[in-house]
Amino acid sequence: MTVTNEPVPVPLTTRKDWSSDQEVRWCPGCGDYSILAAVQMLMPELNVPLESTVFLSGIGCAARFPYYMNTYGMHSIHGRAPAIATGLATTRPDLDVWVVTGDGDALSIGGNHLIHALRRNVNITILLFNNQIYGLTKGQYSPTSEVAKVTKSTPFGSLEQPFNPLSLAIGAEATFVARTHDMDRKHMMETFRRAHAHRGASFVEIYQNCNVFNDGAFEQITGKENRSNMLVPLTHGEPIRFGEDGERGLVLRPDGTVEIVDVASVGVENLLVHDEHRDNPGLAFQLSHLARGPFEPTPIGVFRDVERPEYGEQMAEQIEAATERRGVGDFAKLLRSGSTWTVG
Amino acid sequence: MSETTNDSPSEVLDRVVIRFAGDSGDGMQLTGDRFTASSALLGNALATFPDFPAEIRAPAGSLAGVSAFQVHISDHDISTAGDAPNVLVAMNPAALRANVALLPNGATIIVNEDAFDERNLAKAGYESNPLGDGSLSAFTVYEVPMTSITTEVTKDAGVKPRDAERSKNFFALGLISWLYTRPVEATQKWIEQRYADKPLVLEANRRAFMAGFHFGETVELFESNYEVRPAELEPGEYMNVTGNTATAWGLIAASVTSGLDLFLGTYPITPASDILHELSKHKNFGVRTFQAEDEISGIGSALGAAFGGALGVTTTSGPGMDLKAEMMGLAVSLELPLLIIDVQRGGPSTGLPTKTEQADLMLAMYGRHGESPVPIVAARTPAHCFEATLEAARLAVKYRTPVILLTDGYLANGTEPWRLPDVATLPVIEPNFATEPNHQEEDGSTRFWPYLRDPETLARPWAPPGLAGLEHRIGGLEKQDGTGNVVYDGANHEKMTRLRAAKVAGIARDIPPTEVDAQDGAEVLVIGWGSTYGAIAAGVQRIRARGLAVDQAHLTHLNPFPADLGAILSRYKRVLVPEVNTGQLSRLLRAEYLVDAVSFTQMQGVPFRAADMEAAIAAQFEHLNESAEELS
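As given, the protein sequences belong to chains A and B, one line each in that order. Our numbering applies: residue 1 is where the first sequence begins, and numbers increase by one. Our numbering applies: residue 1001 is where the second sequence begins, and numbers increase by one.
Do not take every clue at face value.
Unchecked claim - Below, a list of computed lysine to aspartate or glutamate pairs in the DMTMM-like style, where the Cα atoms sit at most 25 Å apart:
no.	chain 1	residue 1	chain 2	residue 2
1	A	333	B	1422
2	A	186	A	225
3	A	16	B	1443
4	B	1281	A	317
5	B	1495	A	23
6	A	149	A	160
7	A	16	B	1442
8	B	1281	A	330
9	B	1281	A	320
10	A	333	B	1430
11	B	1495	A	21
12	B	1398	B	1387
13	B	1123	B	1163
14	B	1281	A	313
15	A	333	B	1274
16	A	333	B	1033
17	A	333	B	1234
18	A	138	B	1326
19	A	333	B	1387
Claimed, not checked - Here are the in silico distance ranges between beta carbons for each label pair:
no.	chain 1	residue 1	chain 2	residue 2	range
20	A	257	B	1362	54 to 60 Å
21	B	1442	A	16	20 to 26 Å
22	B	1443	A	23	16 to 22 Å
23	A	235	B	1487	44 to 50 Å
24	A	308	B	1197	28 to 34 Å
25	A	252	B	1447	54 to 60 Å
No wet-lab data here; the hints were simulated from the structure. Positions of the beta carbon are idealized from the N, C-alpha and C atoms, including for glycine.
Based on the sequences and whatever the hints tell you, model everything.
Here it is, written out as structure tokens:
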């Protein structure tokens, strides 16, 4: 299901309507600015009311995001936004609930809430700003930092295997998984639009540059001159290929892994055709593992978009069914539903 | 032979305490529960105390695996499950050994003699068989072959001996039902309904139950049976209720009277889980129950629901309270209504999961970083959990604040007859959602300020998403009074800190004065909170029966205290504070009112015994006399 081909309605709001009166306080040059701009520019196009939109966050640089949106919002505590969002989205199915988080917030302290929100398919849109570093606490390694990374807390290098956020989300039975990056506003807007349109939990990883503590972490793949050779765009129903002239592509190997090949040598007809709606998550997982880090050709776009009943909707259905079966709750009747006896 | 009993009328007792004890797998909780149910239908006053181990099934026959259920039935109003059982039903040697020390001389012991074989005696640590060695000579012991009779009567129904053996608790129930002249119909009907889909089990249980009843009637083992007549309770319709059910129903009532959708976010934990179980049955009240991935998500989701305009609730016990602390702090900062229900149990750490304690008062009061005041309400009896829950919900909604409701394991699982309230008289809770902008700028434009307070209650407006023009952002960072904008200014922080404290303190104006059960000229006050109510009342009654004047007060509101509490405490020469902790309320009272409160404490996982309470109160009079002598 893509929204892009539908006629775009005339926006009733402008970017200004979606911007709050609060001064944005990220470091100058931070990738967060371009993500904020992409969201604020997208919102009028989505044609949704301000008052039905909620941005929730935890703690970290990214978590300041709700203060800058002129919507309802909550800046909560570290890692817990998906839990708070679950309570909000299940009781208020009329709302658009967005969760803005970072690699430490979502994958370290809040890892548990993230995976459970994804598997339950709560109707929320999660934007994970991944800068592979702790910014707000001034430069410690994060759960997505590369092995051997030297930071303030790892002067001899980090010993830890990083999380691959997309692999984690796919493993957690997420129904919508995508990746974009802060250097391409158009791609961000398109990806966020798709995430918003998806019913259930949507998970978007955004490669975001922290120019103070981890500058250039994604430069090898997102730099203007590197993109065509290092970013592998995923388009549903199209063979997966990249390079200046689309000269490279992906094939599926007999052992189930994917491999980068020269299109000329294997033929276009043998390239892997991207299928977002494939029920089995195996291939999406393989794609998420194509690059070992942001220094090898890296797929971007929608990895997976499948339909599964949404959690809050199912909860509401159970309530409806119970009410149909037993009638609208009558408290006086409930009080006398057990064994009672009368005195006097 | 049944004529025998017909000829000798039942002996009338004013009260009796019966303790059913057996292996965890023997179904003693069920047996006690059914006996209680038929007593309730008879109109007895009653109180129960389920006492079971944390292990689901400890090794069969071991002391660790003993599970007991104590029930106190009476023809007059009673307040505790009884100090000492008059009758112990022991299904095996371990059950006898674990409970015999509770019995007063002259008590009756009914044992399943089939279980007293060498193997079970050894498992219980008996070197010789207590049924034959004279060690039980202080008691009247009845040896009844419960297992073999049960096996025998169920044999021709096609029940395998191994399955038949599992019905022996119904034999015990039948026997005790005869001994205390309980009607059999209610239990029979219950068996038929409960096991409708398992015809063999149904038949085995029915036969075992009636065999037990007839055994009492026909065997000349018991001299006579007993009758405990209905109590003179206030007129009304009653049901027997556990604290957890009363709490769950209180939440539904709060949802009904406030018109707010109920959302429970929780993680299973003993002894609080039954609130989740009960609420999850009542979806036709629009109740949403969410079994979260952990305690933090339990409270987090409830706070999210509250932000959206629902009645957000989380339930837990001690260890879960520790985990929820940070989210409670956020709720204090966000100033949103939220109910946190702590069904206290023995601590620290995992502690005694199935045993009661009231040791989380200081945690509720101070267990968050920073200045983080939270109103605290405590229930005193199983039925009172209903009212206390409604009150906690009222305060949360009216003052836009998290409220902690303290109950405990004894209240949660214990039962008492509850006079059903008239639904029309339940307190109405007004959500009073914000409907329009509340601030006008100099240029005439209007804004919504999320922290512009009601001058009287100091509560901020509650504006769930959905209304245009009221969009706002809130968070855990310190915010400016009024606008709610993030500011780090020191003077503003002090102002906000004092405002949050004043809001909670101001609740004292909105709660009833301290209830004192007073007598003329009393110089001793016994003051408590929570589940000690029954034991304190029983102790006070005993002291009054001696002709001494003593007053009793029991607190429902622990933060803030009722406004008149200080003046009341100052009236007495001795203030005794019994608690199932090391003296937490007494420390709060001393700190708040400079009163020389005397702490009386015990932490054995069980409620106070009335006799111990009596002794502790009596000791206060000795002190009074000593001081009087010193003066003369």
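Here is how each hint holds up against the structure:
no. : hint                       : verdict
1   : 333/A / 1422/B             : holds, 11 Å
2   : 186/A / 225/A              : holds, 17 Å
3   : 16/A / 1443/B              : holds, 20 Å
4   : 1281/B / 317/A             : holds, 14 Å
5   : 1495/B / 23/A              : holds, 24 Å
6   : 149/A / 160/A              : holds, 9 Å
7   : 16/A / 1442/B              : holds, 22 Å
8   : 1281/B / 330/A             : holds, 14 Å
9   : 1281/B / 320/A             : holds, 13 Å
10  : 333/A / 1430/B             : holds, 23 Å
11  : 1495/B / 21/A              : holds, 24 Å
12  : 1398/B / 1387/B            : holds, 16 Å
13  : 1123/B / 1163/B            : holds, 23 Å
14  : 1281/B / 313/A             : holds, 18 Å
15  : 333/A / 1274/B             : holds, 21 Å
16  : 333/A / 1033/B             : holds, 23 Å
17  : 333/A / 1234/B             : holds, 21 Å
18  : 138/A / 1326/B             : holds, 23 Å
19  : 333/A / 1387/B             : holds, 18 Å
20  : 257/A / 1362/B: 54 to 60 Å : holds, 58 Å
21  : 1442/B / 16/A: 20 to 26 Å  : holds, 21 Å
22  : 1443/B / 23/A: 16 to 22 Å  : holds, 20 Å
23  : 235/A / 1487/B: 44 to 50 Å : holds, 47 Å
24  : 308/A / 1197/B: 28 to 34 Å : holds, 33 Å
25  : 252/A / 1447/B: 54 to 60 Å : holds, 57 Å
Against the hints set out earlier in the document, no violation occurs for any number.
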